[in-house]
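Protein chains: 2
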Amino acid sequence: MSDLLKQLNSNPMTGWLAKSIGLPNPVTLARENGPYQPQPFSGKRALLVSTTNGYLEAPLRELLEAADAEILRADELAEQERIDMLVVDGSGCQSPGDYTALYERLHPIVRRIATNGRVLLLAPHPEEAANAVASGVARGLEGFSRSLGKELGPRGITVNLAYVARNAGDRLDMLLRFFCGPQTAYVSGQAITVTAHTKSPAELPCEQLLAGKVALVTGAARGIGLSTAQRLRQEGAQVICLDIPAASEELERVAREMGAEALALDISAADAPAKLLEFVREQFGGVDILVHNAGITRDKTLGKMPEHFWQQVMQVNLEAIVAIDQALLDAQLIREHGRLVYLSSMSGVAGNFGQTNYATTKAALIGYVAALGPALAERGICANAVAPGFIETAMTDAMPFVTREAGRRLNSLKQGGQPRDVAELVCFLSSPGAYGVNGNTIRVCGQGLIGA
Amino acid sequence: MSDLLKQLNSNPMTGWLAKSIGLPNPVTLARENGPYQPQPFSGKRALLVSTTNGYLEAPLRELLEAADAEILRADELAEQERIDMLVVDGSGCQSPGDYTALYERLHPIVRRIATNGRVLLLAPHPEEAANAVASGVARGLEGFSRSLGKELGPRGITVNLAYVARNAGDRLDMLLRFFCGPQTAYVSGQAITVTAHTKSPAELPCEQLLAGKVALVTGAARGIGLSTAQRLRQEGAQVICLDIPAASEELERVAREMGAEALALDISAADAPAKLLEFVREQFGGVDILVHNAGITRDKTLGKMPEHFWQQVMQVNLEAIVAIDQALLDAQLIREHGRLVYLSSMSGVAGNFGQTNYATTKAALIGYVAALGPALAERGICANAVAPGFIETAMTDAMPFVTREAGRRLNSLKQGGQPRDVAELVCFLSSPGAYGVNGNTIRVCGQGLIGA
Numbered sequence: 001m002s003d004l005l006k007q008l009n010s011n012p013m014t015g016w017l018a019k020s021i022g023l024p025n026p027v028t029l030a031r032e033n034g035p036y037q038p039q040p041f042s043g044k045r046a047l048l049v050s051t052t053n054g055y056l057e058a059p060l061r062e063l064l065e066a067a068d069a070e071i072l073r074a075d076e077l078a079e080q081e082r083i084d085m086l087v088v089d090g091s092g093c094q095s096p097g098d099y100t101a102l103y104e105r106l107h108p109i110v111r112r113i114a115t116n117g118r119v120l121l122l123a124p125h126p127e128e129a130a131n132a133v134a135s136g137v138a139r140g141l142e143g144f145s146r147s148l149g150k151e152l153g154p155r156g157i158t159v160n161l162a163y164v165a166r167n168a169g170d171r172l173d174m175l176l177r178f179f180c181g182p183q184t185a186y187v188s189g190q191a192i193t194v195t196a197h198t199k200s201p202a203e204l205p206c207e208q209l210l211a212g213k214v215a216l217v218t219g220a221a222r223g224i225g226l227s228t229a230q231r232l233r234q235e236g237a238q239v240i241c242l243d244i245p246a247a248s249e250e251l252e253r254v255a256r257e258m259g260a261e262a263l264a265l266d267i268s269a270a271d272a273p274a275k276l277l278e279f280v281r282e283q284f285g286g287v288d289i290l291v292h293n294a295g296i297t298r299d300k301t302l303g304k305m306p307e308h309f310w311q312q313v314m315q316v317n318l319e320a321i322v323a324i325d326q327a328l329l330d331a332q333l334i335r336e337h338g339r340l341v342y343l344s345s346m347s348g349v350a351g352n353f354g355q356t357n358y359a360t361t362k363a364a365l366i367g368y369v370a371a372l373g374p375a376l377a378e379r380g381i382c383a384n385a386v387a388p389g390f391i392e393t394a395m396t397d398a399m400p401f402v403t404r405e406a407g408r409r410l411n412s413l414k415q416g417g418q419p420r421d422v423a424e425l426v427c428f429l430s431s432p433g434a435y436g437v438n439g440n441t442i443r444v445c446g447q448g449l450i451g452a
Numbered sequence: 001m002s003d004l005l006k007q008l009n010s011n012p013m014t015g016w017l018a019k020s021i022g023l024p025n026p027v028t029l030a031r032e033n034g035p036y037q038p039q040p041f042s043g044k045r046a047l048l049v050s051t052t053n054g055y056l057e058a059p060l061r062e063l064l065e066a067a068d069a070e071i072l073r074a075d076e077l078a079e080q081e082r083i084d085m086l087v088v089d090g091s092g093c094q095s096p097g098d099y100t101a102l103y104e105r106l107h108p109i110v111r112r113i114a115t116n117g118r119v120l121l122l123a124p125h126p127e128e129a130a131n132a133v134a135s136g137v138a139r140g141l142e143g144f145s146r147s148l149g150k151e152l153g154p155r156g157i158t159v160n161l162a163y164v165a166r167n168a169g170d171r172l173d174m175l176l177r178f179f180c181g182p183q184t185a186y187v188s189g190q191a192i193t194v195t196a197h198t199k200s201p202a203e204l205p206c207e208q209l210l211a212g213k214v215a216l217v218t219g220a221a222r223g224i225g226l227s228t229a230q231r232l233r234q235e236g237a238q239v240i241c242l243d244i245p246a247a248s249e250e251l252e253r254v255a256r257e258m259g260a261e262a263l264a265l266d267i268s269a270a271d272a273p274a275k276l277l278e279f280v281r282e283q284f285g286g287v288d289i290l291v292h293n294a295g296i297t298r299d300k301t302l303g304k305m306p307e308h309f310w311q312q313v314m315q316v317n318l319e320a321i322v323a324i325d326q327a328l329l330d331a332q333l334i335r336e337h338g339r340l341v342y343l344s345s346m347s348g349v350a351g352n353f354g355q356t357n358y359a360t361t362k363a364a365l366i367g368y369v370a371a372l373g374p375a376l377a378e379r380g381i382c383a384n385a386v387a388p389g390f391i392e393t394a395m396t397d398a399m400p401f402v403t404r405e406a407g408r409r410l411n412s413l414k415q416g417g418q419p420r421d422v423a424e425l426v427c428f429l430s431s432p433g434a435y436g437v438n439g440n441t442i443r444v445c446g447q448g449l450i451g452a
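Chains as they are written, first to last, in full-length UniProt numbering: chain A, 1 to 452; chain B, 1 to 452.
Honestly, the hints are just simulated from the structure, not real lab data. For glycine and all other residues, C-beta sits at the position ideal for the given N, C-alpha and C. The reader is advised that the hints may include incorrect statements.
As the list claims (entries may be wrong) - To give a feel for the contact side, a few chain A residues facing chain B, derived at Cβ under 8 Å: (1) R146; (2) S147; (3) N352; (4) P419.
Said to hold, decoys possible - Not close to chain A: a few residues of chain B, all C-beta gaps over 12 Å, as computed: (5) P26; (6) T52; (7) E127; (8) K275; (9) E307; (10) Q332; (11) A385; (12) R420.
Stated by the list, open to error - Far from chain A, by Cβ distances over 10 Å, these chain B residues were calculated: (13) E62; (14) G97; (15) A211; (16) E252; (17) R253; (18) M305; (19) R335; (20) Y358; (21) A370.
Using the sequences and the hints, build the whole thing.
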């Protein structure tokens, strides 16, 4: 603990700040640097519990076994025995009385979950519920899950919920691997919707997930974009790293190091979509994965914002994206089972002081994927957005100490995330196995306190 | 400013806390104690601006004139002239280029908005958009609105957005009166959906909104419930104040003082729905407005929570509500054009540490109204939820100083709300004119920082 924070903590008046920023030092999150393994849960102890009338327990058990988890029984847990992952089949929750089982099953074992453990709760899709009560009961599980995330987060445990449509019960393998694996170290308190409307891919690989795929990442010279390009490459994708010409030296270097193509292009230029289209068509014949990561901020309150601040943000963060998508989609250069991933932001979710321009574009992406994903579902294409919270980058390193500490700590995990954490979420959404997840916006924020 | 906070502020290390809790003292919010007036905007200066192709400007102008607002022209504003309300018709926003007008119209005048002013932004309904881009552009306005709320909030200005379905343009009168009036002093940063699916009432009164209506409020002996009962009474409703038998003395007193009926009943008792049904049928023949305000907390982390904590919260906050609704709806005792309003909570939106039980019930209400409202729309019945943030009550008075200050200040208005602020929102949702708002959950939290 820093001396400054010790001092802060010792004063009763400032103890609140110290407490809220989560002293003492946060738990070290367990991350992995490698790609997905075919049996990722080897040596991991899993508990699978079901509330009344759940219909997902059997398939979940099969998937956990295939991933080589050791499946424990709650009533046979040895004293002090720890659980690495807890999967809760809440698919049968239809009336308030069904919540009782949730309490009864979880209360005795929730303190047994190991540091850096995972909790995944499966809920019915509220829109498919038989009546308003059942719809409410399904939605209530989100309040439960988010509260549990806040309770368990300080121990590095992430808690997420998936609303699973009735016909999507066979689309949970990759979901389970991601949300119960080390890849989801900084994704917590999220509610994901899994639907059956997207055409299934022919193959669902468990390793080298992206072998044979072509991935294009914008803003790939550094930070989150770079980490994402590296992560996709690691799963076997051919990667095109795109960034502005001013960054071309850095871009060439990082691309060479990871064995990727470099493409220096200002995406906001009028001829960028045509140039990109030509490049993709000639060099690769199409792309499977398109990650719209490039983005800029030009912060000012609206009354003081010069017009070019407004326009530049609109151009780079929204207009360029829409133009590129349209060009590639019209030319059929986004292949069947393609994956479109967009970098939104906490500002897009909650709005932010001084960011009317930025938040407008980032909120627009949330609505855009929600409509675009379902529209492309019959071609097997998924469109999802990712909203990072406080991620440790050169930008956040430059913040004043207290602002930075507060930003870092105001989440359930009491620490900032790494670019790799965002890359993992993008990688998951880019994988063939994520075909049930389409139109979602998922935060990677350690369950940040701030929201809408 | 308190000496303690001064001390906090003077230390550079703790300046962040002081800044985040919004010193110096927040602006005094302009509230009214009276009922709605037929011409509520007399003496108020309004600016009505429209982005490209907006189709709501003409009806909005009529409504503002009918409410007696003085409608100014942006290009004729005298130097130093202040605007009391800004209404932005964004209904034509379909492409990223349409955002330009938003900047051009608002940038020059946003600093002219008076302290305690109001901003209401009308947006197209994203689900009705012609394509994914238009859907995204509509959704982007929410990021804009929430950001603007954070910029203007410290001056007591509230900023809200309404997604207006194409056929619901004639349902904006009451919406405008509420969101541009003093009634919305503590509602900010919200996105409301206005649809055309609910059957219209025969009359849309502009004063004594609830004359001839029967309203039942649970938990009405004190706090938010009491304030709500008083507010509904003030608009001319016959009011039934319900609370537990243990509070019957207080209940009798407050009911007598406001000219209401008192009904002492434990809603979680097995025979409560039957007793309530009988009372309503015999005394009033039915109810028009039902406000499910009663609720309890029994906080503990899940691992330490005794079973009766879980069950009591489920019973009072969810099971009782569902049972009462079912009894009254089955017996046709909720009259046509009825209004059902449910008290949810920030915990239901975001989850909360130590509140797995409470947050489950409060999140369930969010899903419940979203399904129940549309299901009852053909009978003209609306179901909506209200999620209060930090509201000044006896409970919050008992908090430790710093916790209380932080809770109070972590919102755009930098202060806590009053029970009356919640009552105003419930009153709006209970009014005949709110027939476009059905299935929504609206926060009354001064645009609280905390969310999901």
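To see whether the hints hold, each was checked on the structure:
no.	hint	result
1	R146	holds, 3 Å
2	S147	holds, 4 Å
3	N352	holds, 6 Å
4	P419	violated, 23 Å
5	P26	holds, 16 Å
6	T52	holds, 14 Å
7	E127	violated, 8 Å
8	K275	holds, 20 Å
9	E307	violated, 7 Å
10	Q332	holds, 17 Å
11	A385	violated, 10 Å
12	R420	holds, 24 Å
13	E62	holds, 28 Å
14	G97	violated, 8 Å
15	A211	holds, 30 Å
16	E252	holds, 31 Å
17	R253	holds, 33 Å
18	M305	violated, 6 Å
19	R335	holds, 19 Å
20	Y358	violated, 8 Å
21	A370	violated, 7 Å
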